[in-house]
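**Q** With these hints in hand, go ahead and build the complete structure from the sequences.
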Amino acid sequence: MIVPNETQIQKQLTIVLKLGTSSICDEVTHVPHLANLSHVVETIVKLKALGHRVALTTSGAVGIGMRALNVDIKPTELAKIQALAAVGQDTLDQR
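For what it's worth, full-length UniProt numbering labels the leading residue of the sequence shown as 1, then goes sequentially.
Think of the hints as simulated: they come from the structure by calculation, not from any bench. Be a bit skeptical, because a hint or two may be false.
Unchecked claim - In silico lysine-lysine, DSS-like type, Cα no more than 25 Å apart, as pairs:
| # | residue 1 | residue 2 |
| --- | --- | --- |
| 1 | K46 | K80 |
| 2 | K46 | K74 |
| 3 | K46 | K11 |
| 4 | K80 | K48 |
| 5 | K48 | K74 |
| 6 | K80 | K18 |
These numbers were taken from a predicted model, which means no experiment stands behind them.
**A** Here is the structure:
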């Protein structure tokens, strides 16, 4: 097992990136912003290459789910929002 020295430990950061719906898809059409997503992936790759730990989380799954199911108006009922998020997360995972 390789144990990092003190200098290496100090330079390693854990970076959490949180992307909202408007960051990953158009607010009206709910079409994914592929250029934005690509830029985020490139940034994560660079950060990891520098030795940082990166966690990515998103609330954008609801917006993507709305697009996938042709829902124009975001529902207010929790169960419906959760269903949209489930569909949207699956769609995001496939990209």
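**Q** Against this structure, judge whether each hint is valid.
**A** Status of each hint after checking the structure:
For the hint linking K46 to K80, the alpha-carbon distance of about 37 Å lies beyond 25 Å, and the restraint is violated. Restraint check for K46 and K74: the C-alpha separation of about 35 Å exceeds 25 Å, so the hint is violated. Simply put, K46 and K11 have alpha-carbon atoms about 15 Å apart, close enough for the 25 Å limit, and the pair holds. As the CA atoms of K80 and K48 are separated by approximately 36 Å, the hinted pair breaks the 25 Å bound.
About 35 Å separates the Cα atoms of K48 and K74, which puts this hinted pair outside 25 Å; it is violated. Distance hint between K80 and K18 is fulfilled; the C-alpha atoms sit about 22 Å from each other, no more than 25 Å.
Of the numbered hints listed earlier, those contradicted by the structure are 1, 2, 4, 5.
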